[in-house]
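Enquirer: Could you put the whole structure together from the sequences, leaning on the hints where they help?
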Amino acid sequence: ATIERLGKLATEEAYSVLLHAGDIAYTGGMPCVWDEFFANMDAATSRVPYMVAVGNHEHFHNFSGFRTRFAMPGAGSVTENLWYSFDFGGVHVAAFSTEHDLAPQAEWLKQDLQRAVANRAQVPWIVVMFHKPLYCSTNDYYDCEVGAKKISGYMEQTLQDAAVDLVLTGHLHNYERSWPVFKGSVDVKSYAGAKAPVHVVIGMAGDVEGLTDRWMSAPDWRATKDARLGFAMLTFQNASAMDFEYVLSDTGEVADSFTLTK
Numbered sequence: 054a055t056i057e058r059l060g061k062l063a064t065e066e067a068y069s070v071l072l073h074a075g076d077i078a079y080t081g082g083m084p085c086v087w088d089e090f091f092a093n094m095d096a097a098t099s100r101v102p103y104m105v106a107v108g109n110h111e112h113f114h115n116f117s118g119f120r121t122r123f124a125m126p127g128a129g130s131v132t133e134n135l136w137y138s139f140d141f142g143g144v145h146v147a148a149f150s151t152e153h154d155l156a157p158q159a160e161w162l163k164q165d166l167q168r169a170v171a172n173r174a175q176v177p178w179i180v181v182m183f184h185k186p187l188y189c190s191t192n193d194y195y196d197c198e199v200g201a202k203k204i205s206g207y208m209e210q211t212l213q214d215a216a217v218d219l220v221l222t223g224h225l226h227n228y229e230r231s232w233p234v235f236k237g238s239v240d241v242k243s244y245a246g247a248k249a250p251v252h253v254v255i256g257m258a259g260d261v262e263g264l265t266d267r268w269m270s271a272p273d274w275r276a277t278k279d280a281r282l283g284f285a286m287l288t289f290q291n292a293s294a295m296d297f298e299y300v301l302s303d304t305g306e307v308a309d310s311f312t313l314t315k
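Quick note: the sequence shown uses the numbering used here, first residue 54, plus one each step.
Think of the hints as simulated: they come from the structure by calculation, not from any bench. For clarity, every value in this text was computed on a predicted model and none was experimentally measured. Ideal Cβ placement from N, Cα and C applies to all residues, glycine included. Some hints could be false.
Said to hold, decoys possible - Straight line, CA to CA, 20 angstroms or less: simulated SDA-like cross-link-like pairs of lysine to any residue:
hint	residue 1	residue 2
1	Lys-242	Asp-309
2	Lys-236	Glu-198
3	Lys-315	Leu-287
To be verified - Distance windows between CB atoms, simulated:
hint	residue 1	residue 2	range
4	Arg-120	Gln-213	26 to 32 angstroms
5	Ala-216	Gln-290	15 to 21 angstroms
6	Gln-164	Met-83	34 to 40 angstroms
7	Met-286	Asn-93	16 to 22 angstroms
8	Arg-168	Phe-123	18 to 24 angstroms
Expert: Rendered as structure tokens:
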């Protein structure tokens, strides 16, 4: 349902670029599945840029399917798509790999976001995309406690220092959005004039394992959660307002939304 609706919306010119935060084709190690997936995605990807981050399900054959089947811009030509950034209109998007050594990527991300901050008069929004989340409360101890803390140790201060607006992740097969949060602390439960990044898990677009609707006790930073098939639509209204919608794939209904202002 997600692929069909994304294709329909692309033909209607309802969006301009498609982001995918990893776990792309679920090949199970069979390269031919990539071809089937791309054929299914053609209605969307033949019309808009398809920008991807690598996930754990791309690991087969040393990530060769991911490394060779995409051509991400900037540093992507050197890193074989594993980390890179680009500007699209008024938005700077940086992507990195949670499946590879974070140390060199952390230095790259710091320098990349410093340049983005210096260019903010021309490109006011900064979005960072990666696969495994820095914030999640799915009942998954390793990913939401151990793994998240590892990513935080390398990346969270850099995201805060650059005043990153939005962090998009996947891996957990559900939807979860945070309040503006840094190091687990929330100053104000509001998206007006946010002083820290907003983190959204958008792992609900579809997978081979099913959606996950098991949760830990609600942490203070969690604004809402859900586990229905869907995707996110981001609309950057101007330099100071962005609308976010969680759209259900089956019906097109907006299940959740917020507006981030600065």
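Enquirer: Compare the structure with each hint and give your call.
Expert: For each hint, the structure was consulted:
no., hint, in the structure
1, Lys-242 - Asp-309, "holds, 16 angstroms"
2, Lys-236 - Glu-198, "holds, 13 angstroms"
3, Lys-315 - Leu-287, "holds, 16 angstroms"
4, Arg-120 - Gln-213: 26 to 32 angstroms, "holds, 31 angstroms"
5, Ala-216 - Gln-290: 15 to 21 angstroms, "holds, 19 angstroms"
6, Gln-164 - Met-83: 34 to 40 angstroms, "holds, 38 angstroms"
7, Met-286 - Asn-93: 16 to 22 angstroms, "holds, 20 angstroms"
8, Arg-168 - Phe-123: 18 to 24 angstroms, "holds, 23 angstroms"
Violated hints are absent here; each numbered hint is respected by the structure.
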